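Number of protein chains: 2
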Amino acid sequence: MNMKGTKAQNGVNVDALLAAREALTATPQAAQFRWRATCDWVHGTHSRSTVDGFFGLGAEQKHRTTFKFEADHPEVFASDDHGATPVEYVLVGLAGCLTAGVASVAQNRNIQLRSVKATLEGAMDLRGILGVDADVRNGFDGIKVRFEIDADASREDIEALVAQSQKRSAVFDIITNPTNVAVEVK
Amino acid sequence: MNMKGTKAQNGVNVDALLAAREALTATPQAAQFRWRATCDWVHGTHSRSTVDGFFGLGAEQKHRTTFKFEADHPEVFASDDHGATPVEYVLVGLAGCLTAGVASVAQNRNIQLRSVKATLEGAMDLRGILGVDADVRNGFDGIKVRFEIDADASREDIEALVAQSQKRSAVFDIITNPTNVAVEVK
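Residue numbers (my numbering), protein chains in the order written: chain A, 1 to 186; chain B, 1 to 186.
Simulated from the structure, these hints should not be mistaken for lab results.
Keep in mind it's a predicted model, so treat the numbers as computed, not measured.
Keep in mind that the hints are not guaranteed to be accurate.
If several chains are the same, the list does not tell them apart, and a pair holds so long as it fits within one copy or across any two.
Computed list of lysine to aspartate or glutamate pairs in DMTMM-like fashion (alpha-carbon distance at most 20 Å, straight line) [what the hints assert, rightly or not]:
#, residue 1, residue 2
1, Lys-68, Asp-52
2, Lys-68, Asp-81
3, Lys-68, Glu-22
4, Lys-62, Asp-135
5, Lys-68, Asp-80
6, Lys-186, Asp-135
7, Lys-7, Asp-157
8, Lys-186, Glu-148
9, Lys-7, Asp-135
10, Lys-7, Glu-148
11, Lys-7, Glu-70
12, Lys-117, Glu-159
13, Lys-62, Glu-184
14, Lys-186, Glu-156
15, Lys-117, Asp-157
16, Lys-144, Glu-60
17, Lys-7, Asp-152
18, Lys-62, Glu-156
19, Lys-167, Asp-52
20, Lys-117, Asp-150
All chains should be built: construct the whole structure from the sequences, respecting the hints.
Written out as structure tokens, the structure reads:
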């Protein structure tokens with residue numbers, strides 16, 4: 001119950017998440033997930049990725065539907081712009097992760113959300129990927145995320161929501177900390 | 001010309017990329033890009049991101065079309081699975097980046113590609129994001145990428161293509177090295 005004596009309705013099943021936490025504390029092997037994507041080259045810089053199944057809770061799992069994503073480079077790179085750029089997909093992942101986190105934490109704290117909007121911007125010096133200057137990195141110089149949240153809570157409580165979402169975000173961790181990527185040719 | 005006396009047709013305009021490298025060496029300020037996404041919370045863990053414009057070559061740029069992406073958590077997390085998970089979007093970005101790189105490098109080396117398929121898997125211990133164990137990270141323990149490439153080249157040359165793609169990949173760099181993410185509430 002919040003100050004108005006009502007229960008927040010953000011659409012996140014926090015009871016199930018808390019039960020999962022209990023269950024996975026008891027059976028750590030069920031917590032081992034493997035997320036997957038496959039990607040087929042189409043033409044030029046255009047590729048099509050498929051997201052379908054994953055492994056978790058000790059078994060193979062399926063999404064309700066198969067998700068397909070087109071990636072490409074834009075026309076200013078002399079490409080055909082058949083899809084978002086790969087780096088924009090990273091921003092989409094970060095946005096989705098932090099936003100789901102805000103909703104989940106708000107539900108757990110009984111804060112009713114009315115709207116949540118995130119605006120992300122990643123700066124990049126293209127001289128990295130073009131190999132102009134070895135001192136320029138290929139990836140983002142940094143990413144700025146700005147949340148606009150309308151909720152039944154004080155500014156302080158809203159800032160605490162966003163902070164807790166970052167603390168538990170998988171994609172925030174992947175981007176801000178090093179993750180090993182092993183690439184092999186079959 | 002390759003050994004068969006023909007020019008590879010992979011659909012990448014390498015001449016334009018090499019010209020861009022020349023141009024951006026002379027005018028580094030034009031190489032400063034800013035990639036963007038906006039994200040609106042829908043319900044529960046479901047969000048919708050929009051990728052539309054970006055900044056580069058000293059001006060605002062637009063994609064040919066507006067790209068929209070649904071992100072959600074799966075049913076095993078007590079969510080509705082309205083889209084790929086945020087971490088799967090990261091895999092899609094990595095797949096698209098490395099694949100575009102393979103095609104670009106192959107074109108530059110005059111290697112004809114017939115097919116390129118990448119299979120990605122990111123392992124994750126869910127006890128991280130659930131807060132079960134503070135020693136378990138939120139993100140991937142690691143990512144494995146396996147390429148299957150059918151091309152008019154030796155295995156050694158194909159492995160060199162993949163290695164060079166990694167070396168110049170923006171998303172590979174973002175994932176394997178730390179990137180600062182600044183989050184603020186408006």
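How the hints compare with the structure:
{"no.": "1", "hint": "Lys-68 x Asp-52", "result": "both (9 Å within a copy, 19 Å between copies)"}
{"no.": "2", "hint": "Lys-68 x Asp-81", "result": "both (16 Å within a copy, 14 Å between copies)"}
{"no.": "3", "hint": "Lys-68 x Glu-22", "result": "neither (34 Å within a copy, 36 Å between copies)"}
{"no.": "4", "hint": "Lys-62 x Asp-135", "result": "neither (43 Å within a copy, 29 Å between copies)"}
{"no.": "5", "hint": "Lys-68 x Asp-80", "result": "both (18 Å within a copy, 18 Å between copies)"}
{"no.": "6", "hint": "Lys-186 x Asp-135", "result": "neither (32 Å within a copy, 34 Å between copies)"}
{"no.": "7", "hint": "Lys-7 x Asp-157", "result": "within (17 Å within a copy, 61 Å between copies)"}
{"no.": "8", "hint": "Lys-186 x Glu-148", "result": "between (46 Å within a copy, 5 Å between copies)"}
{"no.": "9", "hint": "Lys-7 x Asp-135", "result": "neither (53 Å within a copy, 33 Å between copies)"}
{"no.": "10", "hint": "Lys-7 x Glu-148", "result": "neither (22 Å within a copy, 52 Å between copies)"}
{"no.": "11", "hint": "Lys-7 x Glu-70", "result": "neither (40 Å within a copy, 27 Å between copies)"}
{"no.": "12", "hint": "Lys-117 x Glu-159", "result": "within (14 Å within a copy, 43 Å between copies)"}
{"no.": "13", "hint": "Lys-62 x Glu-184", "result": "neither (26 Å within a copy, 35 Å between copies)"}
{"no.": "14", "hint": "Lys-186 x Glu-156", "result": "between (52 Å within a copy, 12 Å between copies)"}
{"no.": "15", "hint": "Lys-117 x Asp-157", "result": "within (17 Å within a copy, 46 Å between copies)"}
{"no.": "16", "hint": "Lys-144 x Glu-60", "result": "between (36 Å within a copy, 18 Å between copies)"}
{"no.": "17", "hint": "Lys-7 x Asp-152", "result": "within (11 Å within a copy, 63 Å between copies)"}
{"no.": "18", "hint": "Lys-62 x Glu-156", "result": "neither (39 Å within a copy, 36 Å between copies)"}
{"no.": "19", "hint": "Lys-167 x Asp-52", "result": "neither (28 Å within a copy, 29 Å between copies)"}
{"no.": "20", "hint": "Lys-117 x Asp-150", "result": "within (9 Å within a copy, 43 Å between copies)"}
Hints 3, 4, 6, 9, 10, 11, 13, 18 and 19 from the list above are not met by this structure, while the remaining hints are.
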